[in-house]
Amino acid sequence: MSIKDCYHCGADCGKKPIHFNEKDFCCNGCKTVFEILNTNELSCYYDLESTPGTIPKEIEGKYNYLENEDIVAKLLEFNDGSTSVIEFYIPSIHCSSCIWVLENLNKLNDGVATSMVNFPLKTVRVTFKNNTTNLKQLVELITSIGYEPYISLDDADAKKNKIDNKLLYQVSIAAFAFGNIMLLSFPEYFDVDEFWLEKYKPLFRWLMFTMALPVVFYSAKDYFISAYKGLKHKILNIDVPIAIGISVLFLRSTIEISLDIGSGFFDSLSGLVFFLLLGKFFQKKTYDFLSFERDYKSYFPIAVTRIVDGIEKSIAVKDIEKGDRLLIRNEELIPVDSILINGNAAIDYSFVTGESAPVVKQSGDKLFAGGKQTAGAIEVEVINTISQSYLTQLWSNDVFNKKNEVTIKTITDSISKYFTIAILFIAFFAGVFWYFYNASMAINVVTAVLIIACPCALALSAPFAIGNMLRIFGYKKFYLKNAETIENMSKINTIIFDKTGTITSNSKTQLFYKGEKISVEELSIIKSVLRASNHPLSRSLYKFIKGEASIEKPTFFEEILGKGINATINNIEIKLGSSNFVESNLLETNETSIHIKINNNLKGCYIFKNSYREGTKEVFQSLAEKYNLVILSGDNDGEKEYLEQLLPKNIQYKFNQNPESKLEFVKNIQQKGNKVMMIGDGLNDAGALAQSNVGIAISEDVNVFSPACDAILDAKLFNNLPKFLTLATKTISIIKASFVLSFFYNVIGMYFALTGQLTPVVAAILMPLSSITIVVFVTILTNWISKKI
Numbered sequence: 120m121s122i123k124d125c126y127h128c129g130a131d132c133g134k135k136p137i138h139f140n141e142k143d144f145c146c147n148g149c150k151t152v153f154e155i156l157n158t159n160e161l162s163c164y165y166d167l168e169s170t171p172g173t174i175p176k177e178i179e180g181k182y183n184y185l186e187n188e189d190i191v192a193k194l195l196e197f198n199d200g201s202t203s204v205i206e207f208y209i210p211s212i213h214c215s216s217c218i219w220v221l222e223n224l225n226k227l228n229d230g231v232a233t234s235m236v237n238f239p240l241k242t243v244r245v246t247f248k249n250n251t252t253n254l255k256q257l258v259e260l261i262t263s264i265g266y267e268p269y270i271s272l273d274d275a276d277a278k279k280n281k282i283d284n285k286l287l288y289q290v291s292i293a294a295f296a297f298g299n300i301m302l303l304s305f306p307e308y309f310d311v312d313e314f315w316l317e318k319y320k321p322l323f324r325w326l327m328f329t330m331a332l333p334v335v336f337y338s339a340k341d342y343f344i345s346a347y348k349g350l351k352h353k354i355l356n357i358d359v360p361i362a363i364g365i366s367v368l369f370l371r372s373t374i375e376i377s378l379d380i381g382s383g384f385f386d387s388l389s390g391l392v393f394f395l396l397l398g399k400f401f402q403k404k405t406y407d408f409l410s411f412e413r414d415y416k417s418y419f420p421i422a423v424t425r426i427v428d429g430i431e432k433s434i435a436v437k438d439i440e441k442g443d444r445l446l447i448r449n450e451e452l453i454p455v456d457s458i459l460i461n462g463n464a465a466i467d468y469s470f471v472t473g474e475s476a477p478v479v480k481q482s483g484d485k486l487f488a489g490g491k492q493t494a495g496a497i498e499v500e501v502i503n504t505i506s507q508s509y510l511t512q513l514w515s516n517d518v519f520n521k522k523n524e525v526t527i528k529t530i531t532d533s534i535s536k537y538f539t540i541a542i543l544f545i546a547f548f549a550g551v552f553w554y555f556y557n558a559s560m561a562i563n564v565v566t567a568v569l570i571i572a573c574p575c576a577l578a579l580s581a582p583f584a585i586g587n588m589l590r591i592f593g594y595k596k597f598y599l600k601n602a603e604t605i606e607n608m609s610k611i612n613t614i615i616f617d618k619t620g621t622i623t624s625n626s627k628t629q630l631f632y633k634g635e636k637i638s639v640e641e642l643s644i645i646k647s648v649l650r651a652s653n654h655p656l657s658r659s660l661y662k663f664i665k666g667e668a669s670i671e672k673p674t675f676f677e678e679i680l681g682k683g684i685n686a687t688i689n690n691i692e693i694k695l696g697s698s699n700f701v702e703s704n705l706l707e708t709n710e711t712s713i714h715i716k717i718n719n720n721l722k723g724c725y726i727f728k729n730s731y732r733e734g735t736k737e738v739f740q741s742l743a744e745k746y747n748l749v750i751l752s753g754d755n756d757g758e759k760e761y762l763e764q765l766l767p768k769n770i771q772y773k774f775n776q777n778p779e780s781k782l783e784f785v786k787n788i789q790q791k792g793n794k795v796m797m798i799g800d801g802l803n804d805a806g807a808l809a810q811s812n813v814g815i816a817i818s819e820d821v822n823v824f825s826p827a828c829d830a831i832l833d834a835k836l837f838n839n840l841p842k843f844l845t846l847a848t849k850t851i852s853i854i855k856a857s858f859v860l861s862f863f864y865n866v867i868g869m870y871f872a873l874t875g876q877l878t879p880v881v882a883a884i885l886m887p888l889s890s891i892t893i894v895v896f897v898t899i900l901t902n903w904i905s906k907k908i
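Convert by adding 119 to the 1-based position in the sequence shown; the result is the number in our numbering.
Just so you know, the hints here were simulated from the structure itself, not pulled from any lab data. All values reported here derive from a predicted model rather than from experimental measurement. Do not rely on the hints blindly, as some may be mistaken.
As the list claims (entries may be wrong) - Using C-beta positions, here's what the derived DEER-type ranges look like:
(1) 633 - 248: 35 to 41 Å
(2) 201 - 773: 40 to 46 Å
(3) 222 - 337: 29 to 35 Å
(4) 783 - 141: 39 to 45 Å
(5) 666 - 437: 52 to 58 Å
(6) 226 - 302: 54 to 60 Å
(7) 287 - 426: 35 to 41 Å
(8) 759 - 192: 42 to 48 Å
(9) 250 - 744: 16 to 22 Å
(10) 426 - 601: 52 to 58 Å
Yeah, the Cβ is synthetic: ideal placement off N, Cα and C, and Gly gets one too.
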């Protein structure tokens, strides 16, 4: 940076720069931004990248409309009165320093709780305190430091759906130039007569030069930018050799026509950029298609209870309509924005705001999607339909992401880096050799080597293979959170199963009652308590008990996961749960049961005869051949003898486990070097699901949505679990095979390039074709293996 450049934005300060703190600024806006950052001890922002800022715009009065409460309500994603959440689209996000300063907004404004940047989408999601700051102040702050957000009042989603046609324009310009330069090159190709050489040759050459300028400085600029940023951070990315190849062609061609010693390589140059961008365009369209299809298919198999004329019916979340009346049970997630109609609401919004303290709500209050009810059952009325992308956002929240080991992506990036270093050395020594052997061939050989050996195809293997497999899994009703889940599944050597609600089927459970006769009124009260619980046994017993639930709702409700329920209805105390929790001695043998106390008087118990899912025996026999298997259950060991007869001999059994002990068991297994997959019902198993290398929640007819899990499996497809694991393993094998194919292609291409048998324009055609070949290869193979299994 020269002394006359602005310290903040890098612009020319002109004749009258503004001096402050021994630094020069082009305007008061840039000076103000520096003061803000420096005062808040954020001046290290300038260490990340020179001239990182953009010139702030005049903002005084510009955002007065954000004082209008109706407008603010439309823009906010969440607002519970004390905390608000909003997502901004910020077009000027472009580098690491942008991410850094935007994720440190809390140091610039005490009202900001968190801010997270999504770099690919150029968005920042901000959670702020309403009593400390407001939306207008927040927007003015972000704008003042050079990151003005794009705000659409007409369409809240416009910022996300805005179409970027830049790549299309770049391809079009390169195609136009390539076609016309080829036509202008024909006379010299065919060595026409002296009249042509004397009169039109210089004109045609400079026309070709003119057409090549937008190709190099617009169509190909992203390659130069990417290469520059990589080198600046001491990283050799895959765009470095491409940028060198384009530069060599352009400079050599310009020198040749300037000195009238040749016609240059403008046709090869424009052809190279055109075919590079064409391959890039194909890759983008293909990946967009895969992503779209996955988004479209992957409606989570979660359901919610809709109440129509007093009748409760489970429906898919995507079928919720405005005006529906929903029953939200204890520990269930609120899937849509709604109004509280009935019940005691204590909402945990930690999935949205990161704060787990329950917020108490009264009848008539607005409840936001993403909150979890923690105080019994409530009834709500829907005011907005479901936004699947919002649930996806919650599920993929960085707060719940696990720290993974070295991934296929990391390996790919590493290979690409060393690959780039290798081809730069090869190109250099090849150029030296050909310079002394045949100088006229040197430039062609170097350029061909740089182009043909580009590791783009290598870098495409993993994202396309895994992206397509995510789509296939979603189509088969097995929904994975991200690409890393597939890779982690391929490394598993231990699988842990919960029992109730996981390998047992709630719909086929048989129940028997033992104890004193329970009156109709007492059954009605018991059913009202069970109605609030989301536990599989509670749900089964709720359906089993005939009659209606009590009109009176619990005035007190407490569900202790893994143990039971304490509740009070109309001054009647109810206690439901395990024998230890209720202090019951009705059963001499350990059997799955719910014991009942009313006003401290032991009434009896309901005994469950579990029905195991179809194909359970075959699933365990198949998995036992390759994996260590464990049954980790919160129930007693009453059915251990039956399970030992049903399942293979080498299975480990652990009963009477609470949620904490399940988590510790998983952790202990991992400390011995095992890679663990935990399969549970998403309720009592949340801790174990989060701790495991892969957590899978089984979904039957309840809302089991949980950020703790990595995948959700439709319960009807439980018997396909071994096939899914096989698919994951074979997908990684396909990626490795594509690595070998890409390497083989590069070796052959390198041979022809080094021997001078490959011209730059042919290399430019073959390079994107190799990328397309890899995409087709992994897509066809992943589709093929999915049909065979």
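Outcome of the hint check:
Separated by about 54 Å at the C-beta atoms, residue 633 and residue 248 break the suggested range of 35 to 41 Å. The beta-carbon spacing between residue 201 and residue 773, approximately 42 Å, falls within the hinted interval of 40 to 46 Å. Remark: the range hint 29 to 35 Å for residue 222 to residue 337 is upheld by a beta-carbon distance near 32 Å. Range check, residue 783 to residue 141: about 57 Å between beta-carbon atoms, so the 39 to 45 Å window is missed.
A hinted range of 52 to 58 Å for the beta carbons of residue 666 and residue 437 is inconsistent with their spacing of about 32 Å. For residue 226 paired with residue 302, a C-beta distance near 59 Å keeps the hint of 54 to 60 Å intact. Distance hint check for residue 287 and residue 426: the Cβ-Cβ separation is about 50 Å, which falls outside the suggested range of 35 to 41 Å. Under the hint 42 to 48 Å, the C-beta atoms of residue 759 and residue 192, about 56 Å apart, miss the expected range.
Between residue 250 and residue 744, the C-beta spacing of about 60 Å breaks the proposed range 16 to 22 Å. The beta-carbon spacing between residue 426 and residue 601, approximately 35 Å, falls outside the hinted interval of 52 to 58 Å.
The structure does not agree with the numbered hints 1, 4, 5, 7, 8, 9, 10 stated previously, though it agrees with the rest.
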